[in-house]
Amino acid sequence: MWQLQKDRERMMRIRVFAMRNMKEISRDSLSYIFCFGFPIIMLLIMSVVNASIPKEANMVLFQIQNIGPGIAVFSLCFTMLFTCLSISKDRANAFLVRLYASPMKGVDFISGYTLPLLIIAIIQCSITFLASGVIGLFTDYTFHFGNVLLAMVILLPSMILFIGFGLFFGTMFSEKAAPGLCSIIISVAGMLGGIWMDVDALGGVLAQVCKTMPFYYGVKSAKLAVNGDYAGLGKPLVIVCIYAAIVYLLAVLAFRKKMQEDLK
Amino acid sequence: MFAIETKGLSKKFGDKTAVNQLNLQIKEGELFSLLGVNGAGKTTTIRILSGLSKPSDGDAFVYGNSVIHKLAEVKRLINLSPQETAIAGNLSVTENLLLMAEIYGLEKEKARAKVKEVIEEFSLEEVADTKASTLSGGWQRRLSIAMALITQPKVLYLDEPTLGLDVLARRELWKIILGLKGKITIILTTHYMEESEALSDRIAIMQKGEMKALGTLEELKSRTGKTNLEEVFVAIAEG
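Those sequence lines, one after another, are chains A and B. Numbering follows the working numbering, in which position 98 of the first sequence is assigned residue number 98; successive positions increment by one, without gaps. Numbering follows the working numbering, in which position 124 of the second sequence is assigned residue number 1124; successive positions increment by one, without gaps.
A couple of the hints might just be wrong.
Said to hold, decoys possible - Derived contacts from chain A toward chain B, CB cut-off under 7 Å, selection only:
#	residue
1	E24
2	S29
3	S31
Unchecked claim - Capping the alpha-carbon separation at 35 Å, the derived lysine-lysine pairs in DSBU-like fashion look like this:
#	chain 1	residue 1	chain 2	residue 2
4	B	K1221	B	K1070
5	B	K1110	A	K105
6	B	K1016	A	K6
7	A	K89	B	K1226
8	B	K1027	B	K1108
If you are wondering where the hints come from, they were derived from the structure by calculation, not from laboratory data. Beta carbons: idealized from backbone N, C-alpha and C, even for Gly.
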């Protein structure tokens, strides 16, 4: 009975703290620009690039069924940025100190930071696929609804991966240093994630480097899902899951360690 | 039983001793000041008393509960307003108060009723729906103290509550603190002599982690033969 009451109180603390974080992020206009505006703008730019290629060339540079899932993964970089900013700001203005003195425990903080960002990431991916679907109507490509839903599920490990990176950087570094470090991840994911190019067709050292990164597998599994290529899904999905588990676990350990150090 | 009691409380950071063998007994309802220059050990003492730091030696008790062995019980009895304002900037004043009430386990309806009560008590009506980050320093401090009090603590720690405020904002905050006097036990840290003089029942003067003097303002004046707290402080600090 006592344990039940404790669990209820914990759930309430997590809900309240998660709601607070959701409000903090949703009231920042930058969240809308980066999380929701960015993927749509990128999709539009790529469509304009495609449209600019003369018909005589008979080629399509960016296929919506490939660039859509790619941009969905790339947009998650900004979820990482907002996770990192939420934590580092709370550390900088001593809001966490106030909460450390409350009955909140480590798991309450971690869950409270993760849940709202997970919801934002899901909304972000939905908007990206919705915009891709609309663009597809103009480029004679129809997305299969079931495949898009599958891709959304398959993107969950990538969401956890990027939230994990954000949690780690926000915990370990200051409000000024953490966003800078996130921008490194954004650049690496952008260049080596296979978002703008077909890494498998490239080969060579660059392809090998790309294949050491979790981003490549996140993009690849989402592309395969959208294209209904279920047979090839297993390997990239397993790899991105392993990366996500490791990064998130490291972030949780880092948060707990930092909390213990703060309370020394 | 004392509201707060420390027994040989010490805190070391490597070779540096931040608090050294602090022995204090603070009665229920007392407004107790820890006075000292920067680095005297005031904030470290508050951090230990609120469970934010572990003592290297000795122990501290809040209503008989050890901060080492019964921290969960201690946390239910205390709250603090840190040196920094420590508020959620994008949330309104009402939302900040509601957040704290619910984190401490108050059901939504009860929390709303308590928020209304605290807003009236702290005269926060005119800024109740204002985003906290847009408030002036004085209002933010007022909110910070209200956030600590909404959880109905028996002991309130105020760490440099008027730091960086202008004279008028400081006086406004003093009124609020004086209004709380006798209702709950308050431990206040400050390096403003006039603040300590205006608010405290008893004053402890700390220097380099040690308590150099303890008593009411009158007791400290008669002990040093000085006429105001600033002179008392200088006399004690210079040994």
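Evaluation of the provided hints:
Proximity of A/E24 to chain B holds as hinted, the smallest CB-CB distance being about 4 Å (cut-off 7 Å). Given the 7 Å rule on beta carbons, the hint for A/S29 is violated: about 11 Å separates it from the nearest Cβ of chain B. Proximity of A/S31 to chain B is violated relative to the hint, the smallest CB-CB distance being about 10 Å (cut-off 7 Å). Of the pairs offered as hints, the one joining B/K1221 and B/K1070 is violated, with about 38 Å between alpha carbons and a cut-off of 35 Å exceeded.
For the proposed pair B/K1110 and A/K105, the alpha carbon gap of about 23 Å is at most 35 Å, so the pair holds. A threshold of 35 Å between alpha carbons decides the hint, and for B/K1016 with A/K6 the separation of about 39 Å lies outside it, so the pair is violated. A threshold of 35 Å between alpha carbons decides the hint, and for A/K89 with B/K1226 the separation of about 46 Å lies outside it, so the pair is violated. Distance hint between B/K1027 and B/K1108 is fulfilled; the C-alpha atoms sit about 33 Å from each other, no more than 35 Å.
Going through the hint list in order, the structure does not satisfy hints 2, 3, 4, 6, 7.
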